[in-house]
Amino acid sequence: MKILVPCKRVPDPDQKLRLNAEATDVDSTALTYILNPFDAIAVEEALCIRETTHPDAEIIAVSVAPAEGEDDLRTALAMGADRALLVEHDAQLDSWNVARLLAAVVEREQPALVIMGKQAVDDDANQTGQFLAVQLGWSQATFASQVEFTETGLRVHRETDLGIEIIHVSLPAVVTADLRLNEPRYASLPSILKAKKKPTEYTTAEELGVKPEPRVRLLSMELVHSQRNCEMVTSARELILKLRETEVIKG
Amino acid sequence: MKTLVLMEHDGSALRSGNGAAIGFARELSDDVCGFLLGEDLDAMNCEAAKFAPVITVDDPALADPVADRWAQVIAEVARARGAERIVATSTTWAKDIVTRAAGLLGGAMASDVIGHEVIDGELRLRRPMFAGAVHATLTLEGLPQIITVCASAYEAPEPAATPFAIEPVAANVTELPGSTQLEEVEGKVGARPDVTEARIVVSGGRAFNTSQDFEQLVGGLADTLDAATGSSRALVDAGIVPNSLQVGQTGKVVAPELYLALGISGAVQHLAGMKNSRVIAAINQDPDAPIFEFSDFGLAGDVYEEVPRLIAELNGS
Amino acid sequence: MIENSSDVVVIGGGVAGLSTAMQLARRGVSVTVLEREQIGNGSTGRAAGLLGQLRGTAEHTRMLMDGVKIVQELEEQAGTEIYVQTGSVRVAETAEREKEIADLVEMGRSIDFDIAPMATDELAKRMPYMRTDDVAAACWCPTDGHLQPAELAAAYHKVGRDHGVRYETSCPVTGVLLDGSKARGVETPRGEFYAPILVNAAGPWSHLVAGLTGTTLPTAALGHVYLTTQPDPDHPVDRLSPGFRNRHHRIYGRAENGGLLVGIYAEECAEYDMETLPPDFDMSAMKARRDDFHLAMLIHAAQQRFPWINERTPMHVTTGIMTFSPDGLPFCGQLPDHEGLFYCSGFSGHGIVQSPVIGVIMSELILGNRSTYDIASIEADRYWGVPGFQERDEIEQRCHKMQGSYYGRLEGKSADSKTDTA
Numbered sequence: 001m002k003i004l005v006p007c008k009r010v011p012d013p014d015q016k017l018r019l020n021a022e023a024t025d026v027d028s029t030a031l032t033y034i035l036n037p038f039d040a041i042a043v044e045e046a047l048c049i050r051e052t053t054h055p056d057a058e059i060i061a062v063s064v065a066p067a068e069g070e071d072d073l074r075t076a077l078a079m080g081a082d083r084a085l086l087v088e089h090d091a092q093l094d095s096w097n098v099a100r101l102l103a104a105v106v107e108r109e110q111p112a113l114v115i116m117g118k119q120a121v122d123d124d125a126n127q128t129g130q131f132l133a134v135q136l137g138w139s140q141a142t143f144a145s146q147v148e149f150t151e152t153g154l155r156v157h158r159e160t161d162l163g164i165e166i167i168h169v170s171l172p173a174v175v176t177a178d179l180r181l182n183e184p185r186y187a188s189l190p191s192i193l194k195a196k197k198k199p200t201e202y203t204t205a206e207e208l209g210v211k212p213e214p215r216v217r218l219l220s221m222e223l224v225h226s227q228r229n230c231e232m233v234t235s236a237r238e239l240i241l242k243l244r245e246t247e248v249i250k251g
Numbered sequence: 001m002k003t004l005v006l007m008e009h010d011g012s013a014l015r016s017g018n019g020a021a022i023g024f025a026r027e028l029s030d031d032v033c034g035f036l037l038g039e040d041l042d043a044m045n046c047e048a049a050k051f052a053p054v055i056t057v058d059d060p061a062l063a064d065p066v067a068d069r070w071a072q073v074i075a076e077v078a079r080a081r082g083a084e085r086i087v088a089t090s091t092t093w094a095k096d097i098v099t100r101a102a103g104l105l106g107g108a109m110a111s112d113v114i115g116h117e118v119i120d121g122e123l124r125l126r127r128p129m130f131a132g133a134v135h136a137t138l139t140l141e142g143l144p145q146i147i148t149v150c151a152s153a154y155e156a157p158e159p160a161a162t163p164f165a166i167e168p169v170a171a172n173v174t175e176l177p178g179s180t181q182l183e184e185v186e187g188k189v190g191a192r193p194d195v196t197e198a199r200i201v202v203s204g205g206r207a208f209n210t211s212q213d214f215e216q217l218v219g220g221l222a223d224t225l226d227a228a229t230g231s232s233r234a235l236v237d238a239g240i241v242p243n244s245l246q247v248g249q250t251g252k253v254v255a256p257e258l259y260l261a262l263g264i265s266g267a268v269q270h271l272a273g274m275k276n277s278r279v280i281a282a283i284n285q286d287p288d289a290p291i292f293e294f295s296d297f298g299l300a301g302d303v304y305e306e307v308p309r310l311i312a313e314l315n316g317s
Numbered sequence: 001m002i003e004n005s006s007d008v009v010v011i012g013g014g015v016a017g018l019s020t021a022m023q024l025a026r027r028g029v030s031v032t033v034l035e036r037e038q039i040g041n042g043s044t045g046r047a048a049g050l051l052g053q054l055r056g057t058a059e060h061t062r063m064l065m066d067g068v069k070i071v072q073e074l075e076e077q078a079g080t081e082i083y084v085q086t087g088s089v090r091v092a093e094t095a096e097r098e099k100e101i102a103d104l105v106e107m108g109r110s111i112d113f114d115i116a117p118m119a120t121d122e123l124a125k126r127m128p129y130m131r132t133d134d135v136a137a138a139c140w141c142p143t144d145g146h147l148q149p150a151e152l153a154a155a156y157h158k159v160g161r162d163h164g165v166r167y168e169t170s171c172p173v174t175g176v177l178l179d180g181s182k183a184r185g186v187e188t189p190r191g192e193f194y195a196p197i198l199v200n201a202a203g204p205w206s207h208l209v210a211g212l213t214g215t216t217l218p219t220a221a222l223g224h225v226y227l228t229t230q231p232d233p234d235h236p237v238d239r240l241s242p243g244f245r246n247r248h249h250r251i252y253g254r255a256e257n258g259g260l261l262v263g264i265y266a267e268e269c270a271e272y273d274m275e276t277l278p279p280d281f282d283m284s285a286m287k288a289r290r291d292d293f294h295l296a297m298l299i300h301a302a303q304q305r306f307p308w309i310n311e312r313t314p315m316h317v318t319t320g321i322m323t324f325s326p327d328g329l330p331f332c333g334q335l336p337d338h339e340g341l342f343y344c345s346g347f348s349g350h351g352i353v354q355s356p357v358i359g360v361i362m363s364e365l366i367l368g369n370r371s372t373y374d375i376a377s378i379e380a381d382r383y384w385g386v387p388g389f390q391e392r393d394e395i396e397q398r399c400h401k402m403q404g405s406y407y408g409r410l411e412g413k414s415a416d417s418k419t420d421t422a
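Residue numbers (our numbering), protein chains in the order written: chain A, 1 to 251; chain B, 1 to 317; chain C, 1 to 422.
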């Protein structure tokens with residue numbers, strides 16, 4: 001069985017961000033990039049599947065990113081993925097077009113399962129997994145907090161606003177990983193060394209036969225965090241009033 | 001612009017957040033229809049019809065909200081109706097099902113919208129990115145537009161004096177996909193949201209003396225706000241709360257909409273885990289406590305007195 | 001009187017600057033602390049705080065022992081627990097290291113430091129979560145433990161504030177004002193701050209601050225990493241379990257929050273070019289990549305002594321930046337090029353535990369130009385003009401080498417023939 005794990009390269013969301021001069025993107029100079037934390041969970045889940053029920057599973061990490069995306073694919077390889085594929089792409093892409101590229105990779109690789117993060121912590125869109133599933137005509141199991149194989153497919157616990165929902169999906173399917181699915185491992189020393197010998201393939205949107213067709217046009221960005229200036233209030237009532245004014249609590 | 005507002009329900013009642021989606025849709029168009037899917041919808045249809053004309057697909061085949069079936073019906077009805085805009089309130093339901101429907105309808109989708117403006121006839125949408133550290137302004141290319149809005153960003157309209165019409169619509173249920181089955185829903189039994197994902201986090205520090213006090217005050221306030229609970233390291237060290245609640249450098253890193261720091265002095269350990277929260281409010285007995293430097297609102301006082309007042313205030317008494 | 005003027009401006013709100021400011025204020029001096037980010041946000045906030053009082057010289061041991069007394073006073077004044085006295089052990093598995101421990105016990109006893117050999121079965125009893133079957137020798141220092149860094153910084157901050165110290169946060173120093181060769185103040189985005197005495201306690205940034213006056217400070221910014229395991233019912237770690245040092249595997253550690261904290265001084269570590277980091281780089285938000293090589297080395301080393309730790313163990317990883325000097329000792333005092341410009345930097349991973357006494361020493365140097373301690377080994381000018389310690393790349397190389405040899409070399413008498421110092 002092949003498992004495809006899309007891995008997004010994202011700026012470390014905990015470092016302070018700056019915007020470029022045109023305010024159309026974050027200023028990428030001197031920014032630290034990491035493997036999207038939810039995608040690391042997806043990689044871990046694929047590894048767990050290989051280590052428990054499917055020892056023959058082949059895990060392919062794929063990223064749509066500029067050349068530097070190789071770093072994050074190497075993270076996935078060091079964690080234990082078998083091989084990597086980088087779809088080199090420099091320009092910003094919306095979720096729809098990332099899903100189209102991933103769908104083209106799926107056509108090529110024919111995995112039975114795609115596991116990916118429920119969202120990337122840069123755009124927080126939470127769309128690519130669903131778009132990919134629909135483009136492929138596959139089942140989807142979003143917000144997975146537990147995945148188990150059955151004779152005919154997967155039983156997935158989903159974290160919803162109303163509680164845990166347990167669904168069964170047949171394969172092939174797209175599963176999107178939620179926070180509680182697992183605790184991703186760090187790479188061991190031997191595994192890091194081994195990863196250096198694992199193959200990474202390179203391709204482009206053109207080679208995959210996909211011409212980006214934008215659905216979302218990003219006009220501008222604005223930084224929200226500013227220096228805090230503490231306003232002291234004198235009573236619990238006043239505090240509630242202030243919080244209601246800032247609309248962080250309702251009512 | 002012909003707009004469908006998807007109304008989420010839990011099988012027996014509409015969810016309260018739907019109002020935001022209607023409010024948003026109404027600000028942009030007069031041609032707004034509510035849209036319900038499911039089984040045994042009569043009571044909910046009537047409820048929805050207080051706000052807008054309703055079209056409804058009531059069919060046993062849609063008894064469970066599974067993404068592939070529901071998305072297909074949504075797309076089919078949207079196409080049949082010539083909908084140019086489809087709106088829902090952003091929830092896990094919408095993220096699962098409406099996003100899949102958007103995929104069937106061409107993928108022009110913006111999620112978690114918190115604001116908008118129309119310039120030269122072009123709809124510009126504002127949505128948070130980077131856990132709220134950035135607000136992006138964007139436009140959608142092509143129709144229909146699929147938009148989910150944050151429940152807190154838009155007001156629900158007042159119900160109309162006379163209800164709007166309810167129009168049942170048949171869907172082609174014989175060709176619905178059948179590869180997903182809902183097996184079980186384990187409702188939440190008083191469980192609080194996880195501290196890393198909650199919109200509001202109520203966190204307690206050294207000022208709380210016992211587990212009971214913590215549960216009663218921090219937990220009580222959290223429940224009033226549908227919030228998660230967190231704590232500083234001091235309480236974990238003292239065995240008052242479990243390790244899983246710790247926010248800070250060696251614990252969880254959180255960035256909720258609102259972080260309420262109760263009796264937390266603001267050691268760097270703790271700040272590292274919460275300082276990116278959108279709004280921070282603190283209560284501490286020491287008016288010079290460093291936590292206030294990181295707060296938007298501060299109240300110098302004893303948490304044992306102030307927290308019950310907050311709870312009472314929120315409960316409207 | 002200009003509003004932004006004081007007797008002393010301290011650059012850097014980590015433990016070194018905070019302790020210095022507090023001690024000066026206690027002596028009636030008006031002090032302003034300027035911190036680029038938030039108080040305790042840099043290396044201070046990332047430190048493990050292990051206190052091993054037995055050092056290479058009797059004077060350094062005395063400094064640390066006196067530091068504990070200062071901390072105990074602080075605890076009373078601030079009303080928090082800072083010093084956790086757990087005792088500490090060193091373990092040895094090779095003949096060389098066994099000899100090293102014997103030497104240390106002898107040296108400690110010669111200066112009345114409480115230290116004794118510890119039998120392996122006693123070791124296993126105190127630290128049941130540790131592998132001991134391969135331990136050849138161990139020693140026990142009951143008065144050791146660790147300082148809780150966040151609590152220590154908060155206490156300096158609070159007591160300093162009570163004595164009138166002014167703290168300006170989010171206030172990076174961008175320029176140094178001079179009157180000829182005399183210090184006059186500093187420039188910040190929030191305006192100028194004037195004082196005839198400046199203290200450069202800027203941690204990993206201190207060589208950049210020194211560069212503002214064209215001064216070479218031989219420190220380098222080196223990466224460091226430690227892990228903290230989540231509490232594991234199969235391997236409970238009592239809060240008062242001993243701190244440990246295992247120099248053969250280059251690891252150290254202590255109990256933390258029901259789990260075990262383990263750090264490493266590996267031969268190789270990450271180097272940081274502070275100049276190219278973003279201007280608002282936030283050390284408290286640093287994280288290790290899942291495939292971080294130094295972390296993998298740490299996990300590998302930790303596993304040798306704690307076989308239940310591996311790359312899948314639920315753990316929290318702390319990574320930060322240390323300020324190393326070529327000999328692993330700090331720089332305290334003035335340099336010949338400017339008057340009134342004091343340095344207090346280069347603590348090489350020991351800033352937390354050295355800070356209590358360093359504050360005293362700095363205030364003595366600033367007010368009276370001499371200290372009650374023998375500070376020859378930490379004087380700021382010991383590399384002044386010395387060839388091989390002037391260019392950034394050679395400084396970095398030497399500091400890196402020092403970091404690598406920190407646990408690699410031998411201590412005590414056995415060290416005499418083998419010590420590899422720059």
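Treat the hints as calculated values from the structure; they're not laboratory data.
No residue lacks a Cβ here, since even glycine has one placed at the ideal position from N, Cα and C.
There's no promise every hint is true.
Said to hold, decoys possible - Partial chain B-side listing against chain C, Cβ under 10 Å, derived:
id, residue
1, 14
2, 286
3, 290
Claimed, not checked - Below 20 Å or equal to it, Euclidean Cα-Cα: the simulated SDA-like pairs (lysine to any residue) are:
id, chain 1, residue 1, chain 2, residue 2
4, C, 287, B, 253
5, A, 211, A, 32
6, A, 250, B, 157
7, A, 242, B, 253
8, A, 194, C, 114
9, A, 211, B, 104
10, C, 287, A, 194
11, A, 250, B, 253
12, A, 250, B, 104
13, A, 250, B, 152
14, C, 69, C, 114
Tested hints:
| no. | hint | verdict |
| --- | --- | --- |
| 1 | 14 | violated (41 Å) |
| 2 | 286 | holds (9 Å) |
| 3 | 290 | holds (6 Å) |
| 4 | C/287 to B/253 | holds (11 Å) |
| 5 | A/211 to A/32 | violated (29 Å) |
| 6 | A/250 to B/157 | holds (15 Å) |
| 7 | A/242 to B/253 | violated (25 Å) |
| 8 | A/194 to C/114 | violated (47 Å) |
| 9 | A/211 to B/104 | holds (19 Å) |
| 10 | C/287 to A/194 | violated (23 Å) |
| 11 | A/250 to B/253 | violated (24 Å) |
| 12 | A/250 to B/104 | violated (34 Å) |
| 13 | A/250 to B/152 | holds (7 Å) |
| 14 | C/69 to C/114 | holds (16 Å) |
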